[in-house]
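Here the protein sequences come in this chain order: A and B. Anchor point for the first sequence: position 363 equals 362 in numbering that gives the first Met the number 0, and the numbering is continuous, going up by one each time. Anchor point for the second sequence: position 344 equals 343 in numbering that gives the first Met the number 0, and the numbering is continuous, going up by one each time.
It is worth saying that the hints were derived from the structure and are not from the lab. Keep in mind that the hints are not guaranteed to be accurate.
Simulated DEER-style distance windows between Cβ atoms [stated by the list, open to error]: (1) A:GLY40 to B:GLU99: 20 to 26 Å; (2) B:LYS322 to A:PRO75: 40 to 46 Å; (3) B:LYS36 to A:MET372: 38 to 44 Å.
Using 16 Å as the maximum straight-line C-alpha spacing, the simulated EDC-like pairs for lysine to aspartate or glutamate come out as follows [to be verified]: (4) B:LYS173 to A:GLU82; (5) B:LYS136 to B:ASP190; (6) B:LYS173 to A:GLU81; (7) A:LYS252 to B:ASP147; (8) A:LYS252 to B:GLU145.
Model, not experiment: these values are computed from the prediction. Ideal Cβ placement from N, Cα and C applies to all residues, glycine included.
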Amino acid sequence: MAAENSVIAEAEPPKVALWNDPQARALFYQVIVLGGLLFVGGTIINNTMDNLARQGIASGFGFLDTTAGFAIGYSPFLEYSEENTYFRALTVGLLNTILVAVIGILFATALGFIMGVARLSNNWMIAKIALVYIEVMRNIPLLLQIFVWYFGVLRPLPGPRQSINFADSLFVNNRGLFAPKPIFEDGFGIIIAAFIAAIIAIVYLVKWAHKRQDETGQAFPVFATSIGLLIGLPIIGAVVAGFPMSWEFSELKGFNFSGGMEIPPELVSLTLALSTYTAAFIAEIVRAGISAVNKGQTEAAYAVGLRPGPTLRLVIIPQALRVIIPPLTSQYLNLTKNSSLAAAIAYPDIVLVFGGTVLMQTGQAVEIIAIIMGFYLFVSLAISMFMNWYNDKMALVER
Amino acid sequence: MKKTVTAFAAVAAAALVSTSLVAPATAGPALDKVTGKGFIQCGVSQGVPGFSNPDTSGNWTGLDVDVCRAVAAALFGDASKVKYTPLSSKERFTALQSGEIDMLSRNTTWTLVRDTALGLNFAGVAYYDGQGFMVRKSLGVKNALELDGASVCTNLGTTTELNLSDYFRANGMKFKGVFFEKADEVIAAYDAGRCDVYTTDQSALAAQRTKLKNPKEHMVLPEIISKEPLGPVVGHGDDQWFDIVKWSLNVMIEAEELGINSGNVDSLKGSSKNPGVRRMLGVEGDTGKNLGLGKSWSYNIIKQVGNYGEVFNKHLGPDTVVKLPRGLNNLWNKGGILYAPPVR
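Extracted from the complex, chain A is given alone in its bound form:
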């Protein structure tokens, strides 16, 4: 009994002095390092503000409320005129950047996947075409590609008075693509409700079809039915509501077209340049991912009787995605940041509008660059967060 007690008593750690306790030491050094970092950061900020004040340069974020006084060439989402504030100009530039980034990412992913799979094709011609595409697009600097697309898109197109005309409603000229704009009137809510109902119906349909296939082995044409629902239900809603939609057509007034939807050549050439450039990198990533999947998987799929098409779609790519997604995230971030080259061809993204015009008119370089950096950081973090969530979903679940 006494022996057990003494063993238990010795099992407790002996009391030591504070400076010998490893945890106390760790805490102490962490506090010192943190204090040092805060000191360095604080000194830099203090120094910057002192120098700005000494030279009489304005500082602070109050300028965001000032009237802008300048125009922005393209603002599809927000109404903007010279009487709005710098903050509104910032928002317009921001939305334009996000527009280019989203469209660019979609096109680049699609084209990149196609090129990556083509590179691995058994058809010698297709594989070589993909190889040439990848090598050429990867090795030429992006800024040059943007100029080539811009002047390549601009030069062959005619002026507005001689536009290429499709059925008097779609016009193409060197000021952009002009299409009719739908105007939504009162009953449009029914169509939106029908669209949402169609999406919910499709989700349940997919679940039901998979369950039926697991139980009875019968496949159901899910894809065709979904398309039918997506188109059919909103049309029924439109009929019920009496087609509450009218179109605003573009008209040539004087120098240019006005009204309707406008897609400027800057947006088109920037998106094309960014997509084709990034697609080359994505193609190589896809090729790496597919090559990383064990060849035994392909052989087993063939042995079971799957054709090459479904093998790629159902067996190889889902496994390859685990290797593809992390570098793919980097390419998406690259594309978003490369969109800042829009300044070279006058597309009004955030760098041109805010970091160019507003910076020149107010002179507050430090605050403006900080805001732009913060924006890019926020967008990049949002993209990586989403991709990491998707990556986790795709991860191998070990039993």
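Chain A is already provided as a structure; the job is to place chain B on it using the hints.
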């Protein structure tokens, strides 16, 4: 123990280094920096014929360039002690604010916001200009009020952008703006037909017109829609440097008024009885002392660079490609508005 000591030492070193780097941005007045270096870093444009343009051997020439050379002649006695930094309209003020260049001589308009919020000082006006429009003759436009709905190309971040918006708004017209960073890109887009109108200062319109494929197909509309006093710029914080730049420009204008040019300056120095001429050439009095310069500061400017009229004729006169009339940029007693304060 060794690891923690090295970590501690690293943080302490970083903190110490950061405090030593935290010296003020200019370690003394701007003039000290220039005299220490031995040359002036002059910010110029990226190529505006007549104002600041590299010639085929890479030497910079032009009216703005000669203003910088005049300051170098005054300060160092040698007009060649200048190095040039080509800057776009976006970078020009940040380069001056950060001290990367010592003075900016780049067709820059003097405005209230730039004089105050941007922390700059304008050392006078070297060229009185105004904003105009250039269109293709084939459009059949006779004046600027017919430009409703047109696409307009111009430079980013300039007074041109603001004046353009003001003019169209004041006249109830709309336009579609296409704004580029570099002047060459604007010209390329205008030439390719991307926009109907090219707008900038009249002097730059004349200069950039030489870069178009077919200059004869284009015309400049008669309207001048703004005042653009263009002049050299320095940063806040050094009054002596500001005075030197200001009075170097004034010497060039005053010399023309007194009839001194680079050809007759030597003979006038020996023979002139006019007290104004004698003071300007350093024979009598010592204006340089108050600026911290030698006695022959103004003599050097006139001898090595020339007076304002000579410089204007050399770069913008009837024998050049730009061919601008003197117009407002003539002396006050010859029909223009150049009026230098007395150099005494």
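Okay, the hints, checked on the actual structure:
1. Range check, GLY40 of chain A to GLU99 of chain B: Cβ separation about 25 Å, and the 20 to 26 Å hint holds.
2. Range check, LYS322 of chain B to PRO75 of chain A: about 44 Å between beta-carbon atoms, so the 40 to 46 Å window is met.
3. For the pair LYS36 of chain B and MET372 of chain A, the supplied restraint of 38 to 44 Å is violated, since their beta-carbon distance comes to about 32 Å.
4. Between the alpha carbons of LYS173 of chain B and GLU82 of chain A the distance comes to roughly 14 Å, so the proposed pair stays at or under 16 Å and holds.
5. Between LYS136 of chain B and ASP190 of chain B the CA atoms are separated by roughly 13 Å; this keeps the pair inside 16 Å, and the hint holds.
6. The suggested pairing of LYS173 of chain B with GLU81 of chain A holds, with an alpha-carbon distance near 11 Å, which does not exceed 16 Å.
7. Pair hint LYS252 of chain A plus ASP147 of chain B holds up; C-alpha atoms about 9 Å apart against a cutoff of 16 Å.
8. The straight-line distance between the Cα atoms of LYS252 of chain A and GLU145 of chain B is roughly 12 Å, inside the 16 Å bound, and the hint therefore holds.
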